[in-house]
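Assemble chain B onto chain A, guided by the hints.
There are 2 protein chains.
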Amino acid sequence: MDSLRQHILKYIQLDVQQLDEVLSHFTPINFKKKDYVLNSGSVCHYDYYILSGALKLSQINATSGSEEVLSLAITDWWITDLDSFRNQKPAHTTIQAEQDTEVLALSREAFNSVCSQFPQMEKYFRTMTEKHLISWMNRVYMRNSLSAEERLEHFIRSYPEHYEIFPRYLIASYLGMSAEMLSKLRARKR
Amino acid sequence: MDSLRQHILKYIQLDVQQLDEVLSHFTPINFKKKDYVLNSGSVCHYDYYILSGALKLSQINATSGSEEVLSLAITDWWITDLDSFRNQKPAHTTIQAEQDTEVLALSREAFNSVCSQFPQMEKYFRTMTEKHLISWMNRVYMRNSLSAEERLEHFIRSYPEHYEIFPRYLIASYLGMSAEMLSKLRARKR
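Chains as they are written, first to last, in my numbering: chain A, 455 to 644; chain B, 455 to 644.
If we strip away everything but chain A, and leave its shape as in the complex, we get:
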């Protein structure tokens, strides 16, 4: 739980006792590689903080029938289907483990308790939500404004760890290009 402790302290001030109380609201869960953390159509009951491993949030594109990767999350990242988690309605997305993954899960009720007990946590979650929104905006920006080559460079520069951790075909999907195109661009870079 130490990494979440450190992560929270990067953004807000809490003393040891307060942090212990905040952390007592989380439930540790382990997922095996390829386990489904959330199935599309189910309600997302948790917001997940990743202690180790890697999770992918995706959606099936109805026209092409292929999987579209919306978010790739690694150690120290939060991931959830926010609309489903916040409004407790069926999710449009799927979350799947891409490695054996250890998370700390925060239920909706626990989220509300933490925020009402420790109003400082609002700032922490506001900041996390902002980062999350910015990553969505960047994904759209990349697709609108950058060539495939520029998108790959932008991704490697912004998320070097992700680039090492996730299989290439998932990164290709996240970047809106085929796996073949990504291979070709990588070959050209060498």
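Each hint can be trusted.
Identical copies go unnamed one by one, so any copy, or any two together, can satisfy a pair.
Restricting the straight-line Cα-Cα distance to at most 30 Å, the calculated cross-link-like pairs of lysine-lysine (BS3-like) are:
| id | residue 1 | residue 2 |
| --- | --- | --- |
| 1 | LYS638 | LYS487 |
| 2 | LYS577 | LYS464 |
| 3 | LYS577 | LYS543 |
| 4 | LYS486 | LYS543 |
| 5 | LYS464 | LYS585 |
| 6 | LYS543 | LYS585 |
| 7 | LYS488 | LYS638 |
| 8 | LYS643 | LYS543 |
In case anyone wonders, no lab produced these hints; they're calculated from the structure.
For chain B alone, coordinates are given in the frame of chain A:
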């Protein structure tokens, strides 16, 4: 300023004096229809709360050269280029008035002052950021999973006022279809 007062009180509790102090940090600005609120490449210095009128956030698609509408905001909505506003770096988007528009503008420094003086405001902004993120997720979901007809129906159901206020070609762009397709779908509905 009364509508922002009411809007804040929907989400958090502040007394009259606290609200007055919060509101003292905002600057009223008027834009004429077609005025640019933010030019792509400039730093976005404000988060805008719309008192009346309508603003559009968009980007030029480098491949097609056409404008891609990313967000449509009306009375009681917040709008900004979050990455630019938060990190004070050049924006990738443009914000333009689609009607004569009155806003209350909150600068980055004012935002920080408001949050440190009134920590309850963190909850308000956390909630606004969540709603904003959910609308981005929904835009991606619609494009992935719904037919053009379903997207239009989803939009009219979700944002009936937007549908009345914004020109059809902007709604078409937001929904990822041509203006002709939108007209055809509307004709079919009659």
